[in-house]
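Chains as they are written, first to last, in UniProt numbering: chain A, 1 to 403; chain B, 1 to 276.
It is worth saying that the hints were derived from the structure and are not from the lab.
These numbers come from a predicted model, not from an experiment.
Don't be surprised by glycine CBs; every beta carbon is placed ideally from N, CA and C.
Any given hint might turn out to be false.
What the hints assert, rightly or not - Sample of chain A residues with no beta-carbon within 12 angstroms of chain B, all distances over it, derived:
#1 GLY119
#2 HIS130
#3 LEU134
#4 ALA190
#5 PRO359
#6 ILE367
As the list claims (entries may be wrong) - Keeping only pairs whose Cα atoms sit at most 25 angstroms apart, straight-line, the calculated DSS-like set for lysine-lysine is:
#7 B:LYS200 x A:LYS116
#8 B:LYS67 x A:LYS154
#9 B:LYS197 x A:LYS148
#10 A:LYS148 x B:LYS118
#11 A:LYS148 x A:LYS116
#12 A:LYS171 x A:LYS13
#13 A:LYS13 x A:LYS27
#14 B:LYS200 x A:LYS154
#15 B:LYS118 x A:LYS156
#16 B:LYS118 x B:LYS181
#17 B:LYS200 x A:LYS171
#18 B:LYS197 x A:LYS156
Letter by letter, the chains look like this.
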Amino acid sequence: MLTGDFSIQSPKKKIEVRNLTKIFGRKTKNALFLIEKGLSKREIFEKTGQNVGLYNVNFDIYEGEIFVIMGLSGSGKSTLLRCINRLINPTDGHILLDGNDVATASSEELREMRRKKMGMVFQNFALIPHRTVLDNVAYGLEIQGVSKEERHTKAKEAIETVGLKGYEESKTSQLSGGMQQRVGLARALATDPDILLMDEAFSALDPLIRSEMQDELLALEDKMQKTIVFVSHDLDEALKLGDRIMIMHDGKIAQIGTAEEILTEPADDYVSKFVAGVDRTKIFTAEAVMKRAEPVVSINSGPKVALKLMREHGISSIFVVNREKHVEGIIKVDDALKGSKEGKSIRDIMSDDVTITHPDTPLNELIPVIENSSPLAVAKDDGKLLGVIVRGSVLGALAIEEV
Amino acid sequence: MAMPKIPIGEGAETLVNWIDDNFGMALDIFSDMTDYMISGLNDVLLLFPPILFTLIIGIAAYFIGKKDLKLAIGSVVGLLLIDNMGLWELSMETISLVLSSAFLALLVAIPLGIISAKNEWAFHVIKPILDLMQTMPSFVYLIPAVIFFGLGNVPGLVATIVFAMPPAIRLTNLGIRQVPKELTEVADAFGSTPLQKLVKVELPTALPSIMAGVNQCIMLSLSMVVIAAMIGARGLGYQVLIGIQRVDIGQGFEAGLGIVIIAVILDRFTQHLTPK
Chain A
1 MLTGDFSIQS
11 PKKKIEVRNL
21 TKIFGRKTKN
31 ALFLIEKGLS
41 KREIFEKTGQ
51 NVGLYNVNFD
61 IYEGEIFVIM
71 GLSGSGKSTL
81 LRCINRLINP
91 TDGHILLDGN
101 DVATASSEEL
111 REMRRKKMGM
121 VFQNFALIPH
131 RTVLDNVAYG
141 LEIQGVSKEE
151 RHTKAKEAIE
161 TVGLKGYEES
171 KTSQLSGGMQ
181 QRVGLARALA
191 TDPDILLMDE
201 AFSALDPLIR
211 SEMQDELLAL
221 EDKMQKTIVF
231 VSHDLDEALK
241 LGDRIMIMHD
251 GKIAQIGTAE
261 EILTEPADDY
271 VSKFVAGVDR
281 TKIFTAEAVM
291 KRAEPVVSIN
301 SGPKVALKLM
311 REHGISSIFV
321 VNREKHVEGI
331 IKVDDALKGS
341 KEGKSIRDIM
351 SDDVTITHPD
361 TPLNELIPVI
371 ENSSPLAVAK
381 DDGKLLGVIV
391 RGSVLGALAI
401 EEV
Chain B
1 MAMPKIPIGE
11 GAETLVNWID
21 DNFGMALDIF
31 SDMTDYMISG
41 LNDVLLLFPP
51 ILFTLIIGIA
61 AYFIGKKDLK
71 LAIGSVVGLL
81 LIDNMGLWEL
91 SMETISLVLS
101 SAFLALLVAI
111 PLGIISAKNE
121 WAFHVIKPIL
131 DLMQTMPSFV
141 YLIPAVIFFG
151 LGNVPGLVAT
161 IVFAMPPAIR
171 LTNLGIRQVP
181 KELTEVADAF
191 GSTPLQKLVK
201 VELPTALPSI
211 MAGVNQCIML
221 SLSMVVIAAM
231 IGARGLGYQV
241 LIGIQRVDIG
251 QGFEAGLGIV
261 IIAVILDRFT
271 QHLTPK
């Protein structure tokens, strides 16, 4: 998921947030004026008693991505999410959803957008207590006036999607936390909205279940291609789920970027402190640390060519490839020396004991492998060599941490 | 020099007279309708012979009490005892009066509770009135009731309605305000209309609290219906009043016991109907 090539594909903008400001309190005009003058959140609070929740926020969310809004409590992330479906009315600014402004929509227009375009999943599940699982999931359709038969059919599909088949008639209070949140997710999916708003959706679950739900959300997203706006205070979760991550601080955007961009090029001190504790081995993939597979030696050339290339590049082993750039084997410098003296062919002296790894493999899975067999070849399923990983490049990636 | 007395009493009198003069017609219509309601209900209750009625209540109690025999047996024994004491008709009269006034009180109180939960302005108006109503001695309600409706069941019912409303208003208001914020957000986030939000999310979630209000309303109605005997409301209360006037300990005690039995049955029934 962490491909980070959205700029290349230039996909459609699904949600555009423009100059979004939220001030909590009654005399918002004063505070707005002070924001324009550039005062900080704390200064404004001291002067006016108004609490600035969001501070002139601008960003886009693209169709089909998982966009994680990340920050500590009080950073404005939940406020921002609730401005998107206007559970909280913004003080100023615009939220364009497929080009239509949510902020200025009439209550009928807003209701229509909430019904058809957005589903929401809540931190504490927020299941309606007197309803069964089925009727909870069918709620969104019920209020749209969908017939009982049709909404139950759709709700059952959604329940099956989240893996709760058989629990339709259960009371929600009988379910475990993880199952309750599956119901919450099914409820949001039942109306088949384009956008899922997820407010700390997995934060109330214990770590094992949380991780399981994250995996399932990613699997669902692969199938359904919804636009997901996911609010989280857990950086590991953000890095795992987010195609792009927006880090918020005091109602402002600190940085927007892919997981790797945020880890390798933190925009400011706040972000770098924020990401300092991250286990990078889970985030960086083989692709991120590999070097270009150069040089390589063709299987049709001789040991002398291999020896020359190794000498020129100062390396002790070299990959042998065929015409399609598929890895055939590896030659160590000792074998090459011996081979060239004895006049053997490359095929005779190469070892086919090569470890090939997929570019999406996270580093923590590579570390035990690389200890035994350096270097590693990186190739996709088609077998074409993309790059090599040597022990040094793994250590190098992990060392960036100290900024 | 003594301060001249502020004419509060005179003011109240003027107001009451003014209402009587200007709304006499409406009051008469209301009086006739409620009288019809009470006596109608009373007639229906008396259609059943005591044994059959007792049996029906016993069976109902068995199912309402989740097939626990305690409530059923208690209700049957209590009702048989009332019949045995010769208080059956008076009891039915009391029950008609209680159920009529509780029904009318709830008809006003629950919507008022909803309005005061939804609207801060309404809440700030209603709350002090409720405080006043609940601190006012219950006898005081009898005075305007007598002036507007004379003596009999109807003024008793009116005083009872006024007396029994406040807890139902309060508990409805409280129940709706205590609906978790995430649940109202769910209703909004999926695009509910305000009415859908109220009917499908808020009222069902607030139901235990509202039912507690219903229970309180019925219990207060019963206690007021007894007091309303002083302005001619019929039933067991009147029997107690006669017992007091004649210093007839036996008669007063039996009527009092009848009231307690009815109170316990009504209380247990409404409590068991409250979703847990």
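In ascending order, which of the hints set out earlier in this document are inconsistent with the structure? Violated hints: 1, 2, 4, 8, 10, 12, 13 and 15; rest satisfied.
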